[in-house]
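Undergrad: So you can see what is in the structure, the chains are spelled out below.
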Amino acid sequence: MKILVVDDFSTMRRIVKNLLGDLGFDNLSEADDGTTALPMLQRGGFDLLVTDWNMPGMTGIDLLKAVRADPKLKALPVLMVTAENTREQIVDAAQNGVNGYITKPFTAATLQEKLERIFKRVETTS
Amino acid sequence: MASWGSYDNEQYRAPLERMLSAIDRGAEGEFNRELDTLTSLREQNLFVEIGKLTRQLHDSLNAFQVDQRIGSFAQKDMPDARIRLNNVIEMTEKAAHRSLGLIENEMPECDMLKTKTQQMSKRLQHVDTPELKQFLEFCDGVAKRWHGNLSELVMAQDYQDLTGQVIRDVIELVERVEAALVDLVRLSGREFGTFRAGNTVERVNGQAQVDDLLSSLGF
Numbered sequence: 314m315k316i317l318v319v320d321d322f323s324t325m326r327r328i329v330k331n332l333l334g335d336l337g338f339d340n341l342s343e344a345d346d347g348t349t350a351l352p353m354l355q356r357g358g359f360d361l362l363v364t365d366w367n368m369p370g371m372t373g374i375d376l377l378k379a380v381r382a383d384p385k386l387k388a389l390p391v392l393m394v395t396a397e398n399t400r401e402q403i404v405d406a407a408q409n410g411v412n413g414y415i416t417k418p419f420t421a422a423t424l425q426e427k428l429e430r431i432f433k434r435v436e437t438t439s
Numbered sequence: 536m537a538s539w540g541s542y543d544n545e546q547y548r549a550p551l552e553r554m555l556s557a558i559d560r561g562a563e564g565e566f567n568r569e570l571d572t573l574t575s576l577r578e579q580n581l582f583v584e585i586g587k588l589t590r591q592l593h594d595s596l597n598a599f600q601v602d603q604r605i606g607s608f609a610q611k612d613m614p615d616a617r618i619r620l621n622n623v624i625e626m627t628e629k630a631a632h633r634s635l636g637l638i639e640n641e642m643p644e645c646d647m648l649k650t651k652t653q654q655m656s657k658r659l660q661h662v663d664t665p666e667l668k669q670f671l672e673f674c675d676g677v678a679k680r681w682h683g684n685l686s687e688l689v690m691a692q693d694y695q696d697l698t699g700q701v702i703r704d705v706i707e708l709v710e711r712v713e714a715a716l717v718d719l720v721r722l723s724g725r726e727f728g729t730f731r732a733g734n735t736v737e738r739v740n741g742q743a744q745v746d747d748l749l750s751s752l753g754f
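Here the protein sequences come in this chain order: C and H.
Okay, so the first sequence: first residue is 314 according to my numbering, each after it adds one.
Okay, so the second sequence: first residue is 536 according to my numbering, each after it adds one.
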C-alpha cells in the first residue's frame, strides 16, 4: 500500500507519516503542493492520496479535480485532511468525489477510522 | 440674475438673446456663431471646475504625504512586520520538528521494550517468582502507555500547522495594506525617501553571552 501525503506544512506531513507508520503503513511519499503531487501520482503506483486543502500552488480541491479528471487516476481513493470546515467546502469536496474528509485538529483514532472506512468501501466496490 | 455653481451664468445671457433674435430674423450664420460662443463659454467653465478639483486633490495628497510616517510605514514597518511574522512560523516549525525528532527516536525503543518484555515473559513463564511476573507486567503496561503518549505527542505538534495558517493569513493582510499604502504614496507624487534601516539593536545570544556581559560589567 503506497500512500502520498500532501501538505504545504512539513510538520503536518511528518505527523501524518508518523500516524500512518504507527498503523502499519510504511511505504509513504510526500509532496508540498498539488503541483508537485500530480506528476508523482501520474507516474503511478499510489493506492491512496492524503491531502490538505489550502496550498499555495494548486489547492487540494483542484488536485482532487485533476485526479478525478485523469482516466488513470480517477479511481484513486482520496482523503482530505484540512482546517477548512465550511459546509460549502465539504459539499464541494464530496461532489468532486472525495472518499473521506477529516477536519483539523484531528485525532489518531479519527484517521484510523476514516482509513478503515475507505478501504472497506474500496474492497466492496472492487 | 441667476448664478449657480461657482461661475456666473449671466455670461450666457447675451449670446442666448442674440441666438433667439437670430432665429426670429432667420439669420443662420449669426445663430451658429452665437452657438459657438456658448459652447466655448461652457468649455472654459468646465476647465475652471476641473482645475479647482485638481488643486483640491493635489492639496489633499500633499497634506497626506507631508505625514512622513505614512511613507515610513509602507517602506519599513510593514515589510518588517511581514519578516517577523515569517520568523514566527519558522520558529514554530523548528520547534515542532525538534519535538517530532525526539519522539521518532524514542518510539522504536518503546516498541522494543514491549517486544522484549513479552519475549521475556514467555521465556520465564515457568519460573514461579511473583515479583518477576509483576515486574514484567509493569514493563508491559509502561511500554503500552508510553507508546500511546508518544503518539499523542506526535499529534500535539499540529499546533504549528494551525497557527501557521492563521499567521499566513495575517501576512497576506499586511501585504495588501502595504501595497495600498505604497500606491497612495506614489499617487501623491513624491519619491520614497531613504528611511533609515531602523535602530539596529544589538542583541545577546544565549545564556553564556548574557553571563559574559554581566561579568564584564562587574556583576
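Hints in this document: simulated from the structure, not taken from any laboratory.
Take these hints with a grain of salt, some might be off.
Claimed, not checked - The calculated DSS-like cross-link candidates involving lysine-lysine, where the alpha carbons are at most 30 Å apart (straight line), are: (1) H:Lys611 - C:Lys427; (2) H:Lys679 - C:Lys315; (3) C:Lys417 - C:Lys387; (4) H:Lys629 - C:Lys433; (5) C:Lys378 - C:Lys315; (6) H:Lys657 - C:Lys315; (7) H:Lys657 - C:Lys427; (8) H:Lys679 - C:Lys417.
Unchecked claim - Cβ-Cβ distance ranges computed for the label pairs, FRET-style: (9) H:Glu672 - C:Asp360: 22 to 30 Å; (10) H:His661 - C:Ile403: 52 to 60 Å; (11) C:Asn340 - H:Asn622: 51 to 59 Å.
Ideal Cβ positions, reconstructed from N, Cα and C, are used throughout, including at glycine.
Undergrad: Now tell me, hint by hint, if it's right for this structure.
TA: Against the structure, the hints come out as follows:
1. H:Lys611 - C:Lys427: Judged against 30 Å, a Cα distance of about 48 Å means the pair is violated.
2. H:Lys679 - C:Lys315: 28 Å, holds
3. C:Lys417 - C:Lys387: This hinted pair holds, its Cα atoms lying about 26 Å apart.
4. H:Lys629 - C:Lys433: 38 Å, violated
5. C:Lys378 - C:Lys315: Holds. C:Lys378 to C:Lys315 sits at ~21 Å (cutoff 30 Å).
6. H:Lys657 - C:Lys315: Not OK: H:Lys657 and C:Lys315 at ~35 Å, beyond 30 Å, violated.
7. H:Lys657 - C:Lys427: 36 Å, violated
8. H:Lys679 - C:Lys417: Satisfied, since the Cα-Cα distance of roughly 26 Å is no more than 30 Å.
9. H:Glu672 - C:Asp360: 22 to 30 Å: For C:Asp360 against H:Glu672, whose Cβ atoms are near 39 Å apart, the range 22 to 30 Å is violated.
10. H:His661 - C:Ile403: 52 to 60 Å: For C:Ile403 against H:His661, whose Cβ atoms are near 58 Å apart, the range 52 to 60 Å holds.
11. C:Asn340 - H:Asn622: 51 to 59 Å: Check failed, 36 Å falls outside 51 to 59 Å.
Checked against the numbered hints above, the structure violates hints 1, 4, 6, 7, 9 and 11; every other hint is satisfied.
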